[in-house]
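Residue numbers (the working numbering), protein chains in the order written: chain A, 28 to 311; chain B, 28 to 311.
Think of the hints as simulated: they come from the structure by calculation, not from any bench. There may be inaccurate statements among the hints.
[To be verified] If you only want the chain A side, here are some residues facing chain B, beta carbon under 7 Å, derived: (1) Phe84; (2) Lys114; (3) Pro130; (4) Ile133; (5) Thr134; (6) Val135; (7) Ser136; (8) Pro137; (9) Ala161; (10) Ile166; (11) Met188; (12) Leu192; (13) Asn193; (14) Phe194.
Where a beta carbon is used, it is the ideal one built from N, C-alpha and C, also for glycine.
Number of protein chains: 2
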Amino acid sequence: MTVVLSTISAARQWMRTERSAGKTIGLVPTMGALHEGHLSLFRQARQRCDCVIASIFVNPLQFGPTEDYDHYPRNLDHDMTLAEQEKLNAIFHPEAREMYPQPPQITVSPGRFGELLCGVSRPGHFQGVATVVAKLFNILQPNVAFFGQKDAQQAIIVQRMAQDLNFPVAIEICPIVREPDGLAMSSRNQYLNAADRVRATVLYQALRRAERLIRSGVRDAIQVEREMQEVIATTPGVELDYARVVDRQSLQDVSEVTGEVLLAVAARFGRTRLIDNMIVVPEG
Amino acid sequence: MTVVLSTISAARQWMRTERSAGKTIGLVPTMGALHEGHLSLFRQARQRCDCVIASIFVNPLQFGPTEDYDHYPRNLDHDMTLAEQEKLNAIFHPEAREMYPQPPQITVSPGRFGELLCGVSRPGHFQGVATVVAKLFNILQPNVAFFGQKDAQQAIIVQRMAQDLNFPVAIEICPIVREPDGLAMSSRNQYLNAADRVRATVLYQALRRAERLIRSGVRDAIQVEREMQEVIATTPGVELDYARVVDRQSLQDVSEVTGEVLLAVAARFGRTRLIDNMIVVPEG
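Build out the structure end to end from the sequences listed, making use of the hints.
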């Protein structure tokens with residue numbers, strides 16, 4: 028049985044009971060609309076921790092005024108079926124007014140990490156993410172928290188937040204889970220119509236093209252970026268947001284591919300904005 | 028015996044040992060140069076918690092480039108004597124590179140609370156304060172943390188941070204401790220030469236004057252502010268920073284004194300900047 032906790036005090040009570048029984052707690056923060064990507068996080072968490080809690084909370088603070096907060100897919104029954112199947116111990120599913128009884132004044136600032144890549148077209152997004160993750164850490168006090176590599180910038184920010192603010196939480200980043208045709212799993216994929224669903228594979232194709240270039244010896248980051256941009260931007264009906272080659276840790280632009288790099292892409296398919304990424308280590 | 032902990036891992040180890048023995052932990056964050064104000068915090072903490080730890084850390088992040096970080100009084104021997112006398116269980120005394128092994132990117136932003144009052148002449152100060160307090164909370168995981176009302180804006184920000192970010196820490200704000208002539212205790216009082224030490228009582232005199240005005244029925248905040256400004260600014264050798272009547276919770280300006288207000292003053296005596304405040308509830 029998966030327990031559903033809808034208040035902060037119930038969640039704290041659950042956490043204290045598990046902790047005092049000597050159990051380690053794994054947290055998987057989600058916005059619901061669970062898919063195979065989330066399930067892989069749950070399985071990792073079960074392997075590493077005695078009990079696993081997933082939060083399901085569509086966090087208003089990380090959505091811009093013109094974004095899809097109102098339309099973001101919410102289906103608790105479906106999510107609960109998956110949570111039971113995966114034998115989660117608990118779901119933390121608060122309402123927005125439980126998490127934000129008053130407009131938050133004190134927030135977590137991601138600094139320049141929040142201004143790069145997705146931060147350009149989503150100002151305030153990563154401040155919202157960092158703030159809600161800090162709140163979840165403080166409410167649930169997990170030993171380990173699990174995030175997907177799919178949201179690469181979020182993963183870096185959460186890791187860096189845990190370091191910079193000394194959260195007593197280990198951060199585990201789990202690999203991207205893809206559809207058979209390469210599309211990265213995302214709750215937003217269900218927004219896509221049939222034509223956009225086909226087009227959406229262009230993100231993974233661009234990343235693979237860039238990976239092959241680097242493996243073939245290309246070291247000029249601008250050249251690699253141009254190839255990714257071309258793959259995406261020349262597809263009709265796709266609006267490129269960015270296609271970048273950045274340092275895997277600092278997320279800063281690199282001019283030459285000398286160490287581990289993050290290839291990061293974002294584009295719009297109709298009104299749906301999707302992202303994808305790949306970590307590549309140049310050989311030799 | 029008061030244990031001195033100089034690394035984060037030693038501090039965490041100490042905390043876990045005390046916690047697993049079922050003890051509650053009280054934290055008093057300080058920058059050292061301990062005085063009677065700090066001692067009153069220690070005594071409150073001892074009354075409420077099973078064991079008490081004080082941090083002594085001059086936090087570089089909360090000092091501006093032209094401020095007194097390098098000259099801030101540091102005297103660990105003196106502080107340790109007082110800590111032993113007050114039977115503190117532990118002192119957490121890390122070096123700056125232990126707390127900031129790399130320049131912090133992810134910080135706690137105090138929002139508009141950081142831009143008011145002292146935030147005007149000390150931009151970034153409260154971001155530094157909020158960030159180091161969040162770090163101390165995460166490292167030491169106290170049940171209760173004790174702060175002085177002397178730093179009223181800091182107290183409000185820390186309370187609001189604990190609420191907004193759901194820190195599992197109760198915040199206790201303790202009354203201002205004053206010298207016999209009314210000067211609020213502060214580590215920076217030791218910067219004052221004899222003439223400035225005499226002049227410094229003007230802050231408390233201004234607050235008392237404002238308090239009497241409000242008690243006598245004056246409700247016009249501007250009039251009260253003018254009287255405080257006059258008391259301070261007409262004293263030769265004193266440079267007024269601000270003298271304000273603000274809402275006790277929001278720190279926003281009030282035009283009329285209808286509820287609990289915070290009278291807050293700041294001024295420079297030579298190169299020494301001092302602050303003081305008083306909470307006043309109008310009668311009737």
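Here is what the structure says about each hint:
1. Phe84: At about 13 Å, which exceeds the 7 Å cut-off, the nearest Cβ of chain B leaves the hint on phenylalanine 84/A violated.
2. Lys114: violated, 27 Å
3. Pro130: Given a least distance of 9 Å, the restraint on proline 130/A is violated.
4. Ile133: holds, 4 Å
5. Thr134: Cβ of threonine 134/A sits 5 Å from chain B, so the hint holds.
6. Val135: holds, 6 Å
7. Ser136: Check passed: Cβ of serine 136/A comes within 4 Å of chain B, closer than 7 Å.
8. Pro137: holds, 6 Å
9. Ala161: Holds, because the Cβ-Cβ distance from alanine 161/A to chain B comes to roughly 5 Å (cut-off 7 Å).
10. Ile166: holds, 5 Å
11. Met188: Because about 4 Å separates methionine 188/A from the closest Cβ in chain B, which is inside the 7 Å limit, the hint holds.
12. Leu192: holds, 5 Å
13. Asn193: The hint holds - asparagine 193/A has a Cβ within 7 Å of chain B, the shortest such distance being about 4 Å.
14. Phe194: Result: holds, 5 Å to nearest chain B Cβ.
Hint violations for this structure: numbers 1, 2 and 3, all remaining hints satisfied.
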